[in-house]
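**Q** The chain contents come next:
2 protein chains.
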Amino acid sequence: MREVTVELGERSYPIYIGEGLIEQAGEYFTKHEISKKSPLMIVTDENVASRHLSKLEVALQGAGFQVVSTIVKPGEKSKSLSVFEDLITKALEAGLDRKSTIVALGGGVVGDLAGYVAASYMRGIKFIQVPTTILAHDSSVGGKVAVNHPLAKNIIGAFHQPELVLYDLSTLQTLPLRDVKAGLSEVIKSGLIWDAEFVDWIDNNAERLLALDEEALGYALYMGCNIKAQVVSQDERENSLRMILNLGHTIGHALEAVAGYNELLHGEAISIGMIGSARLGVKLGGSEEIYTVTKRVLSRMGLPVGLPEHLDIDAIMEAMLHDKKFSEGTMVFVVPTAIGEVIIDHSVSTELVREIVEQLKQEAV
Amino acid sequence: MREVTVELGERSYPIYIGEGLIEQAGEYFTKHEISKKSPLMIVTDENVASRHLSKLEVALQGAGFQVVSTIVKPGEKSKSLSVFEDLITKALEAGLDRKSTIVALGGGVVGDLAGYVAASYMRGIKFIQVPTTILAHDSSVGGKVAVNHPLAKNIIGAFHQPELVLYDLSTLQTLPLRDVKAGLSEVIKSGLIWDAEFVDWIDNNAERLLALDEEALGYALYMGCNIKAQVVSQDERENSLRMILNLGHTIGHALEAVAGYNELLHGEAISIGMIGSARLGVKLGGSEEIYTVTKRVLSRMGLPVGLPEHLDIDAIMEAMLHDKKFSEGTMVFVVPTAIGEVIIDHSVSTELVREIVEQLKQEAV
Ligand SMILES: NC(=O)c1ccc[n+]([C@@H]2O[C@H](COP(=O)([O-])OP(=O)(O)OC[C@H]3O[C@@H](n4cnc5c(N)ncnc54)[C@H](O)[C@@H]3O)[C@@H](O)[C@H]2O)c1
Ligand SMILES: NC(=O)c1ccc[n+]([C@@H]2O[C@H](COP(=O)([O-])OP(=O)(O)OC[C@H]3O[C@@H](n4cnc5c(N)ncnc54)[C@H](O)[C@@H]3O)[C@@H](O)[C@H]2O)c1
Ligand SMILES: [Zn+2]
Ligand SMILES: [Zn+2]
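Residue numbers (UniProt numbering), protein chains in the order written: chain A, 1 to 365; chain B, 1 to 365.
Isolated chain A, as found in the complex:
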C-alpha cells in the first residue's frame, strides 16, 4: 500500500493507493471518524455499480455504517445540474444531515458530481473519493468539484476537499481499454508539466501500463497523485501554479464541448490538446523535442493526436472564449518550455491559437 498526503493545513488528507482497499473501507472510514449515526450516501454509476458497489456496501455495513446508494447513468451527461438536483432530493429523502458523508465510487464524472453535491448540501458536508478509473488519480485529488452547463464545462462548482481518497487498484481491472488509455493521458500530463524522468519511464513502460500490470500501474498512479498533491498544496485555489495542471485543457475542453461531451473522452480531448500545446511550445522558442516526445508518448499509448475531421474550427475557437482560463480578455495558455517544464503564458494571440488548431487537423493519427 502506498500513501500520498495532500498538505492543505487543516484540510490535509491522505490518498491510500493499493489492491483490495475497498474490502477494508470500514476500517479506513472508522479511522477517519466518519459518522455511524448519520446516514452515508454512496454515489456511483451503472457500470461501476454492477462491478464494485456491493463490495463497498458490504464492507461499510459490516463496520456499522448506515449506507444508502444512488446510481446515476454513466457518462459526462450525468455531470449536469438536473442530476445534481436529483441527488440532493435523494439525500433529503434518505435523511442525510450535517454529520453525513457522501462517497463517490467511480470515475471523474461521479467524483465531480457527488463532490459538488457534498459541497452544496446544507452548505457542505463530508466527502470521500473511492476512484475506480485511471483518470480519477487526477480528478479525485485537489478538491475541484463541478457540473457542466450546456455552454461550458465545469462552470458550476466549488472547491471541496475530501476527507480521504481510497484508491483500490483492483477496480481498474474491469475498466474498458479506451478508458485505460484516456486515463493514462492525464498521467502523461503530470509527467509533462513536472518530471521529465517520469515521462521517460512512461515511454518505456507503455505496454505494461496498457496491460494493467499492477506494479506498473501502482507506481504510475502514485507518481501522478504525488505530482498533483504537490501542485495543489502550493496553490489550492488556482491563483497561479495550479494552472499548470491545465496543460492541453484549453483546447481539450473546447473539443469536448464542440463534440457534444460524447464523441471524445476527456483524456482523448486533452491528448489532442497537449499536441497543440507542444506545437505552441516549439513555436514560442522551445526545442523541437517538446513536440516529438509528447507525440511519441501519446501515440504509444494509443491516444488520438489529431483533430477529428468533422469538427468545426470556428466552433472550437468560439468555445475557447467561454473558457475559465481567459481572464480580463487576455488568452492564457500553459506552454511547455521543455519536457517536464511548463510556463503560464498570458499573452498568446488568438491568431496563433487558430493556426495551431488548424494544424491539428493535418496531424497524422
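Wrong hints could be hidden among the right ones.
When chains are identical, the list treats them as one kind, so a pair holds in a single copy or across two.
[As the list claims (entries may be wrong)] DSS-like, lysine-lysine: derived pairs with alpha carbons at most 30 angstroms apart:
#1 K55 with K73
#2 K73 with K361
#3 K77 with K90
#4 K295 with K37
#5 K77 with K55
#6 K55 with K37
#7 K73 with K295
#8 K90 with K73
#9 K31 with K55
#10 K90 with K55
#11 K99 with K55
#12 K99 with K36
#13 K90 with K36
#14 K99 with K37
#15 K99 with K31
#16 K295 with K361
#17 K73 with K99
#18 K361 with K283
#19 K55 with K36
Think of the hints as simulated: they come from the structure by calculation, not from any bench.
Just so you know, these numbers come straight off a predicted model, no measurement behind them.
Dock chain B with the ligands against chain A, hints included.
**A** Okay, now just chain B with the ligands, sitting in the frame of chain A:
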C-alpha cells in the same frame, strides 16, 4: 455614515451603513479594487429594479465599470435551482470571467440567490451585497448563501463572504410596511440573543422604527449588523456559537415550508417561531419575563405571534425533521434563558416541541 467590520482574517470585510451610498457606489467599488476590465453583473428583482436599479447602474458606469443587469421575479420562489441556472446562463452569455463580480441589489432573496451564483460560477467569483430591505441587515452579513429545494429551505448553498456590503438606508423608504415589520423581526432577534438593553431600546422606539425614522433605523441596523458580525467572526461555519442566530428559525422555517413559501414572510414566520422559543425557555426553567417581553416587542411591531389556524401541525412537525439543525437524530433548539441570552439545547424532545407548536395555535394575535 456608520461602519462595521466583519473580522474573518483574510476574508474580513466592511459594512457601510448610511444614506445615499448607492450614488457613491463607484468610489466604494474602486476603493475595493473591483475589476473594471471584466464585466460585473447586478442581480435584482422587479420591485427593486423599478425603484433603485438605474441609480446604481449610473453610479457604476460613471466610474468606468462594465455593468450588466439581470432582473428576477420578486419573492422566495426565485430562490430556486432553476432561477440559479438562468443566472449562470446569463453570466456566461455576458462573458463574466474569473475576475468578474456579482452584485446583489435587493433583499435577502436576491442576496442569497446571487450569492450562491457568485459562490458557484467558475467555482467562486467576487460578490458584493447592496441590501435594500431591513431584513437584509441579517442576510447580507455572514456569507451564508443558498437556494431552496421543494422539500427544504436553504438546503443547497455555500459559505461565500462578500467583498463589502453597501447598505444605503435611503432605499428603505420605498419598502412596503409589511416588509418593514418582517425585517424588524430579525433586528429583534439580534437583541434577544445578545443584548437586553438593545431589546429595551427597540421596545421604546418601535413607533419611530415603523415610521422609518432615519436616525432610529440607522442605529437599529448598525446594532443588528454589529451583533451579527461579532457572532460570525467567532464561528464562520456555524459549528457552535453561530447557531444562536437561528433563534425562532427551526419552527419558523417549518412554517414557511408548510405555508408554501408564500403566505408567510420569513420575518413573520420567525416571529411566531420566537414566541415558541420563548415558551420553550420558560418551560425549561427560564423566567416568565422571557415570554412576556418577547411577545410585547413583537406585537408592538405589528408582527404575528400565533399560528395561522389552517396550518397542519403534523405537517409542521414533519417539516422540522428535514431541518438542517437536527444532527444525528437529536433535536437541537436555540433556547432563551433570559432576555438577551440564549443557549443551544441539544436534547429537546419531539413531544415538547409538538406541545409548543400546539400552544401557538391558541396564542392570541
Ligand atoms: N475534478 C478534477 O480535478 C478533474 C480532473 C480531471 C478530470 N475531471 C473530470 O473527470 C471526468 C472524466 O473522468 P473519467 O474518465 O474517470 O470518467 P467516468 O467517470 O465517466 O468513467 C469513464 C467510464 O468508465 C466507467 N467506469 C468507471 N470505473 C470503472 C471500472 N472500474 N470498471 C468498468 N467501468 C468503469 C464509467 O462508468 C464510465 O463509463 C470528466 O468529467 C472531467 O472533467 C475532473
Ligand atoms: N443568508 C442569510 O444569512 C439569511 C438570513 C436571514 C434571511 N435570509 C433570507 O432572506 C430572505 C428574506 O429576505 P427579505 O425579507 O429581504 O426578502 P425579499 O428579498 O423577498 O424582499 C422582500 C420584498 O421587498 C421587495 N423589496 C426589496 N427591497 C425593496 C425596496 N427598497 N423597496 C420596495 N420593495 C423592496 C422585494 O421585491 C420583495 O418583494 C429569505 O429567503 C431568507 O431565507 C438569509
Ligand atoms: Zn483533466
Ligand atoms: Zn432569518
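**Q** Please sort K90 with K73 into within, between, both or neither, judging by C-alpha distance up to 30 angstroms.
**A** both (15 angstroms within a copy, 28 angstroms between copies)
**Q** Have a look at K55 and K36 and pick one of within, between, both or neither, based on CA distance no larger than 30 angstroms.
**A** Result: close within a single copy only, 18 angstroms intra versus 54 angstroms inter.
**Q** Regarding K73 and K361, is the shortest C-alpha distance of 30 angstroms or less found within a copy, between copies, in both, or in neither?
**A** So K73 and K361 fail the 30 angstroms test inside a copy (32 angstroms) and across (47 angstroms) alike.
**Q** Have a look at K55 and K37 and pick one of within, between, both or neither, based on CA distance no larger than 30 angstroms.
**A** within (21 angstroms within a copy, 53 angstroms between copies)
**Q** Given identical chains, is K77 near K90, meaning Cα to Cα at most 30 angstroms, within a copy, between copies, both, or neither?
**A** This pair counts as both: shortest intra-copy Cα distance 19 angstroms, inter-copy 21 angstroms.
**Q** Checking an output row: K99 and K37, CA cutoff 30 angstroms. Within, between, both or neither?
**A** within (8 angstroms within a copy, 42 angstroms between copies)
**Q** Within, between, both or neither: how does the pair K77, K55 come out at a Cα-Cα threshold of 30 angstroms?
**A** Only inside one copy: K77 and K55 sit 26 angstroms apart there, 42 angstroms across copies, limit 30 angstroms.
**Q** From the Cα coordinates, with 30 angstroms as the cut-off, is the pair K55 and K73 best called within, between, both, or neither?
**A** within (20 angstroms within a copy, 48 angstroms between copies)
**Q** Using 30 angstroms as the alpha-carbon threshold, which applies to K31 and K55: within, between, both, or neither?
**A** Classified as within: same-chain Cα gap 19 angstroms, cross-chain 57 angstroms, threshold 30 angstroms.
**Q** For K361 and K283, with the copy left unspecified, which applies at a CA distance of at most 30 angstroms: within, between, both, or neither?
**A** within (17 angstroms within a copy, 77 angstroms between copies)
**Q** For the identical chains here, do K90 and K36 meet the 30 angstroms Cα criterion within one copy, between copies, both, or neither?
**A** This pair counts as within: shortest intra-copy Cα distance 19 angstroms, inter-copy 42 angstroms.
**Q** Go through the copies and call it for K99 and K31: within, between, both or neither, with a Cα cutoff of 30 angstroms.
**A** Classified as within: same-chain Cα gap 16 angstroms, cross-chain 41 angstroms, threshold 30 angstroms.
Of the numbered hints given earlier, the model fails hints 2, 4, 7; all others are met.
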